[in-house]
Amino acid sequence: MSTTTAGRGSGAATRVVVAGYGPAAHRFVERLGELGFDGAITVLGEEPRPAYDRVALTSYLGGKTAEDLTYPMPEGVTARLGDPVVAVDRAARTVRTASGHAEPYDVLVLATGSRPFVPPVPGRDLPGCHVYRTIEDLDAIRERAGHVTSGVVVGGGLLGLEAADALRGLGLATHVVEVADRLMPRQVDEGGGAVLRRHVEALGLSVHTGAGVERIEAGPDGAVARVVLSGGEVIEAGLVVFSAGVRPRDELARAAGLPVGERGGIVVDEGMRTADPAIYAIGECALAGGTVHGLVGPCRTMAEVAADRVCGGTAGFTGADTSTKLKLLGVDVASFGDIAPEGALDVTYLDPVEGVYHRLFVSDDARTLLGGICVGDARAYQTLRPLVGRELPGSPTELLFGGTGAVAVDLPDDAQVCSCNNVSAGRIRAAIADEGCTDIAAIKGCTRAGTSCGSCVPMLKRLLERSGVQQGKAMCEHFAYSRAELFDIVRVRRITSFSRLIAEYGTGRGCDICKPAVASILASLGNGHILDGEQAALQDTNDHFLANIQKNGTYSVVPRIPGGEITPEKLIVLGEVARDFGLYTKITGAQRIDLLGARVEQLPAIWKRLVDAGFESGHAYGKAVRTVKSCVGSTWCRYGVQDSVGMAIALELRYRGLRAPHKIKAAVSGCARECAEARGKDFGVIATERGWNLYVGGNGGFRPRHADLLASDLSDEELVRTIDRFLMYYIRTADRLQRTSDWLENLEGGLDRLREVIIEDSLGICAELDAQMERHVTGYVDEWRATLEDPEKLRRFVSFINAPDTPDPSITFEIERDQIKPVMIPLETVR
Amino acid sequence: MTVSHLEASHLEASRLEAPELATPPTATATGTAVRGRVRTWTPVCAYTDLLPERGACALVDGHQIAIFRTFDGALYAIGNRDPFSGAYVLSRGIVGTRRGEPTVASPMYKQVFSLVSGVCLDDPEVSVPVYAIRLNDGVVEVGR
Chain W
125 MSTTTAGRGS
135 GAATRVVVAG
145 YGPAAHRFVE
155 RLGELGFDGA
165 ITVLGEEPRP
175 AYDRVALTSY
185 LGGKTAEDLT
195 YPMPEGVTAR
205 LGDPVVAVDR
215 AARTVRTASG
225 HAEPYDVLVL
235 ATGSRPFVPP
245 VPGRDLPGCH
255 VYRTIEDLDA
265 IRERAGHVTS
275 GVVVGGGLLG
285 LEAADALRGL
295 GLATHVVEVA
305 DRLMPRQVDE
315 GGGAVLRRHV
325 EALGLSVHTG
335 AGVERIEAGP
345 DGAVARVVLS
355 GGEVIEAGLV
365 VFSAGVRPRD
375 ELARAAGLPV
385 GERGGIVVDE
395 GMRTADPAIY
405 AIGECALAGG
415 TVHGLVGPCR
425 TMAEVAADRV
435 CGGTAGFTGA
445 DTSTKLKLLG
455 VDVASFGDIA
465 PEGALDVTYL
475 DPVEGVYHRL
485 FVSDDARTLL
495 GGICVGDARA
505 YQTLRPLVGR
515 ELPGSPTELL
525 FGGTGAVAVD
535 LPDDAQVCSC
545 NNVSAGRIRA
555 AIADEGCTDI
565 AAIKGCTRAG
575 TSCGSCVPML
585 KRLLERSGVQ
595 QGKAMCEHFA
605 YSRAELFDIV
615 RVRRITSFSR
625 LIAEYGTGRG
635 CDICKPAVAS
645 ILASLGNGHI
655 LDGEQAALQD
665 TNDHFLANIQ
675 KNGTYSVVPR
685 IPGGEITPEK
695 LIVLGEVARD
705 FGLYTKITGA
715 QRIDLLGARV
725 EQLPAIWKRL
735 VDAGFESGHA
745 YGKAVRTVKS
755 CVGSTWCRYG
765 VQDSVGMAIA
775 LELRYRGLRA
785 PHKIKAAVSG
795 CARECAEARG
805 KDFGVIATER
815 GWNLYVGGNG
825 GFRPRHADLL
835 ASDLSDEELV
845 RTIDRFLMYY
855 IRTADRLQRT
865 SDWLENLEGG
875 LDRLREVIIE
885 DSLGICAELD
895 AQMERHVTGY
905 VDEWRATLED
915 PEKLRRFVSF
925 INAPDTPDPS
935 ITFEIERDQI
945 KPVMIPLETV
955 R
Chain Y
169 MTVSHLEASH
179 LEASRLEAPE
189 LATPPTATAT
199 GTAVRGRVRT
209 WTPVCAYTDL
219 LPERGACALV
229 DGHQIAIFRT
239 FDGALYAIGN
249 RDPFSGAYVL
259 SRGIVGTRRG
269 EPTVASPMYK
279 QVFSLVSGVC
289 LDDPEVSVPV
299 YAIRLNDGVV
309 EVGR
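Chains as they are written, first to last, in our numbering: chain W, 125 to 955; chain Y, 169 to 312.
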């Protein structure tokens, strides 16, 4: 440990300069901020943009923007982008950039990353040859892909398959060339590689293993036309992507006389410091413990260690868990621990029909788990990875197939459950036992486990179950079923009344929890007006009076203004109605106008005026689709690329009145500037040059969440069909009062699973979902109009049953800013 | 009037007079069966004006009284004012049962009140008044 460095690092005047601005550099400066570092931080980056999430690079081709992937710039950091460091003067403690700028430093951190390795084959520099590392690379690949029909990816490792997936997504016939005898040779063995290969080929990709590229030949236009393999095979292709590994970018260090490894990489100690105590190296350019690390996890850890050292700490980097679990081309691939240990016993399971391959390595006494590989089904990974190096709690076969619950209970306290946030099983048990966490949300809040990638959520669930916490699915004392189960019962048994449902499947006569939930289920399945017959008694007061109750017992009225578009005539009607009934008016957050302060007996008269003027119910009172907000879009806006208002109106009219487990908000933005704030909605649509991107599961309110990209560049028809299914699947399976954001986060398998179900139709239910939505669309009626036309229903709209014309004397108002405001009688102490 | 007194009179009223079935009975006046000091019975509506498992509010001598017809046809009456919000809204709550006891949940903050005793089952130190109610020849009457 260098006291010199620590002393300098903790001094207030320290100038830290970072060469390179990728994910490791970003984590480093972010961590400095977290540690309260108060010196000057300067970042000198080569790329023209701040650091972004390279792991998610492929999603850029799927419709995400560079901004989506970009990390927020930490406060207090000075960045010079597009101007890389080209020389280090260690004596003067100054770096020089390409533009000639000189930057003095007290501490220099080299985070220059790596460069893709391009094998020295003839033709490698032809137009049409690319690498796969930066957003600019992807822009170039997309541009080239528009002119060709097939592409070759050189390299069948993790990144190569990702690139292949990207080419496939761009509509190219795709070939993968791998020198080794199998795909992903670092992560899987021969057996796993064979299973993986079958999955990949089933997707229409051509795999060429055990083959190198002999040369790349140009066509008449001088660009790539064909790739000749070492065996003589010729692939006609106009695009080549090299993805054959990376090499550390250590040239700055070399030129400055710092030691580098034989095969590259800047040599650092466990504090990430180079031979010069004032210079650190982190990320893919560093050689730590004799290894260059390319996974984001270890690179982040290195950054954290270096930040700690700069601030005077003693953290050390002692190697990293290289376990991986990913879904590539829709195939689960996982490996953990040692995957080729010497003298180990192994248990192999192969199901060529299902395309599943498992291999576990155990110590020669068959007691300790050493490592393993899963292809095609990686569900056991969560349980197995924390057990590496530990005594097996069951036989290997049981571990793979015996139900993971049995294992979870035996996870030792120090086993890591959430690797993103480094949370152990013991910490989670303590949160359950001592801090009173009884559900996943509480555990997430307490421990941060499950808040990043979410892959450990099933494990959290099991730990909860095994801790004896009753994860009660019962909705209330009247039904021992969850909402989703009740939905299926009602749907499958074609039950149309609460009385029949509770007689056959429940006890008692319901309550304020189950009754509105069942009312919503009956409404979602199209059982007529929500105030018809017995259904009227199930509704919450808002639904019962088709208006929103306010604190003084009055109601607010919100007419539908689809997409927020309204004519001057209609605006005038709203003003006149508010004036004539003495209502308070306010513009809502959903581009509508709220009329507040109406007494029950005024509601029908207000609706009559509104309905006559062409308005209808806005369903602001219902757990239902509310609005589809929009920006003005391409019709007016000089930046707009699609007609967002037209689409918002079409969507709002399609889904209006659709009852759901909770309210549903939506928005459509006409371009990537996103003025409609669509990513804060349950479903958000953002226009692209080629169609629409669909985001789902966003939320504002109490727990804000950005929506996730579900599908890109959809046509109008594709967009509507996908939203239809998303909504209906949510309505079928969500819990009571569970917004789409929470539903999606808790959906086992997450976004991938959602895609499988509603896009790939893996459950074969899409036709049903479509039909259900069709019934909703054709069966829609305006609830206000229907009520006005039914004298029986109208009779309920009185303050007093024995004095229908008497207004409620307890409701009084005073004037504030020229409008009414409720006067509340002060509450006596109630207890 | 004390709450316990009202409770007793109400229990009598509902048990003795409420019909067993949801169909409106051709009941006759049984007001004599009510013990206690009900001074006046005020007719408020026809029995059939009340929806099963839904409340309505009656204005009796300036008092707002929430009246309910439960699924089994019984009648209940409690004060309409929600003590937690101060708003006169209990008649607009959802009617149900808790462990067999008929209840209404305030539409404001959802506290559940016993229709029998007026006690808030979520916070038993809080209660609302209970009134006598009976059926007299198809007419619902509230006693004070």
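Mixed in with the good hints, there may be bad ones.
Claimed, not checked - Cut-off 27 Å, straight-line C-alpha distance, at most; resulting in silico cross-link-like pairs (DSSO-like, lysine-lysine):
| hint | chain 1 | residue 1 | chain 2 | residue 2 |
| --- | --- | --- | --- | --- |
| 1 | W | Lys675 | Y | Lys278 |
| 2 | Y | Lys278 | W | Lys945 |
| 3 | W | Lys451 | W | Lys585 |
| 4 | Y | Lys278 | W | Lys451 |
Stated by the list, open to error - Just so you have them, the derived chain Y footprint on chain W, three or more residues with Cβ under 8 Å:
| hint | segment |
| --- | --- |
| 5 | 265 to 275 |
| 6 | 630 to 637 |
In short, the hints are calculated from the structure, not lab data.
Just so it is clear, CB atoms sit at the ideal spot from N, CA and C, and this is done for glycine as well.
Open item on the list: Given the hinted pair Lys278 of chain Y and Lys451 of chain W, is their Cα-Cα distance within 27 Å?
Closed with: 45 Å, violated
TODO: Check, residue by residue, whether the segment 630 to 637 of chain W contains three or more positions whose beta-carbon lies closer than 8 Å to a beta-carbon of chain Y, and give the verdict.
DONE: holds (count 5)
Task: Pair hint Lys451 of chain W and Lys585 of chain W, alpha-carbon separation not exceeding 27 Å - done: 22 Å, holds
Open item on the list: So if I understand the rule, the pair passes when the alpha-carbon distance is 27 Å or less; does Lys675 of chain W with Lys278 of chain Y pass?
Closed with: 13 Å, holds
Open item on the list: Next pair to validate is Lys278 of chain Y with Lys945 of chain W; report whether the Cα-Cα distance is within 27 Å.
Closed with: 24 Å, holds
Task: 8 Å C-beta criterion, at least three residues: is the segment 265 to 275 of chain W covered by chain Y - done: n = 0 at 8 Å, threshold three: violated.
Checked against the numbered hints above, the structure breaks hints 4 and 5 and satisfies the rest.
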